[in-house]
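Each chain, written out:
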Amino acid sequence: MGTNEGGLLDKQFQKAKQQAEQQKYQQMVQSVKPKQTWLKNAIAAFMVGGAITAFAQVIQNILQAVGLAQKEAGTTTLVIMIFLGAFFTGLGIYDNLGKFAGAGSIVPITGFANSIVSPALEYKREGFVYGVAAKMFTIAGPVLVYGFLISVIIGLIAFFFQ
Amino acid sequence: MGSTKRIGQRTIQFADPPSVVATASIVGPKEGEGPLADSFDKIIQDTYYGEKSWEKAESKMLAEAVNMSIKKAGLTPGDVDYLFAGDLLNQTISANYAARQLSMPFFGLYGACSTMYEGIILAAILIDGGYAERVAAATSSHHDTAERQYRYPTEMGTQRPMTAQWTVTGAGAMLLGKSGPGPKITHATVGKVVDQGVKDPSDMGSAMAPAAADTIITHLQDTGRSPEYYDLIVTGDLANIGKALTEQLAQQQNIDLSGNYTDCGVLIYDPSQDVHAGGSGCACSAVVTCSYLLEEMIAGKYKRILGLGTGALMSPLSSQQGESIPGIGHAVVFEMM
Amino acid sequence: MSILLAFLIGGTLCLIGQLIMDLTPFNVTPGHVLVGYVTIGAVISAIGLYQPLIDVGGAGATIPLSGFGHTLAQGVLQAVKTKGLLGAFGGGIEATSVGIAAAVVFGYVMAVIFSPQG
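Protein chains in written order, with the working numbering: chain A, 1 to 162; chain B, 1 to 337; chain C, 1 to 118.
Worth flagging that the hints you see were computed from the coordinates, not collected in a lab.
Just so it is clear, the structure is predicted and the values come from calculations on it, not from any experiment.
Even glycine gets a Cβ: it sits at the ideal position worked out from N, Cα and C.
A short, non-exhaustive set of chain A residues, derived as facing chain C with CB atoms under 8 Å:
| # | residue |
| --- | --- |
| 1 | Gly90 |
| 2 | Met136 |
| 3 | Pro142 |
Could you build the full structure based on these sequences and the hints that come with them?
Written as structure tokens, this is what we have:
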């Protein structure tokens, strides 16, 4: 057996040993980690998320009551909710809500507004082009990219298979 | 070679142990509400510290801490031969801009959250080696500058997992000299980079614990001491989870740390402060060491402390590329002679 | 009644997002949740299963980001019928243009007015 082969075997052995050690350590980490408070988080997400959308429904009902068609009322509600999400982020309140509500404040459109305003605010010191305007899309950018992508794919499928 | 200044695998035994001449600590408002509030030299009430950005505020704290330590010793910046400083920000700008203002011969360091201890070791080496009379070591971190660089914008509504730690806002400086009445630095054990495959960037304590345990175990082997030799063994910023893991890892090598071991990240905040696992950041070990720990030594409560600066050597880029988080731990022995 | 239904449907959609973040072994970030909701919402909508949810839940189904995906999908399907291949490209963006412009403009204005508080 060449020394080279021996070296290779040795390397593989070392690697396997290291992996086993790492696995053992990860198990240890899992045993020490505090249990995620997932039930509490789930309830908070449900309550806050529900409250935000229920509030949007109130606005939509009012808009419809004053005579807007359902579609227009829906779009106007969306714009108002985006404004509120942006505004409360600016006031420094939305992040405190997010700490408590998790997905309850991320999933509604107000969370999308928060994801746009928070980096824009944060990077104001770095200028209005490469700071505010560029960083604005750190999270909103991917959302738009995949949103547009899936929309065009759906459109192409509909076009060719109908 | 037979050097007398080195013992065991990687421990330095100083022939003429340098002294801690003076220390200074500045912290932010949250740390000022914590259990160690009375120990800090200065508590700032505004996270911007009168500056336009958090980065400028951090740099200002760092420069002020260095100046404060020099002033406390009754010296002028010209009396200090070298400055070792570093921080968490890209290209260590807090330290660089602080050094611009301080105009001292400057070595910039990056050891993540272990920077303070890395600086102390290097400063002590320069002094014991006869290259300097007085050397300052300093570091800073800021919750908001760290959040925006490593995690999310501060105003984004994200939930922090229970394993997450809170980056300490503050700066600590330690002035070391050839002689003086303060605690002396007798030994230092330089850490190795240890990586046990932890990938979760919101669980730094678990990532750093193996490196801390490795350094503690090696230090005790190199010096032939048992943990009881020290009145206190204290790690930098492992917080609750990392501390528990370090104890377990030491236990596996039949070293019992349960009696006298704690962590700066556990000491600095009260559990009611909603910091989850505890404190982290360069300033965590720096401000606790430069205030509470050394004050208690001078007051006579502790005679011998083994302090460890612990660092997680990752970047947002390496995390996104799926790399695990390497950790490091540097140990320093402080003794009242 | 419509408000209660909006609460229940909206709450449930958020609850699912929270469970995905907390209980899956992957490191699911808010960015992943937002992208996932838009994409999956669009797919569900394209096969006709999202409209019933809106009929019941109203704002409870339109305000979560899956509703944004729904608007994208319905917009593009409509546009394909009227404009053909060009509609397949422009339809989704046209339908969501008001919301996107609002988000960008309000986002910019807020960033100019306010400063982050940490």
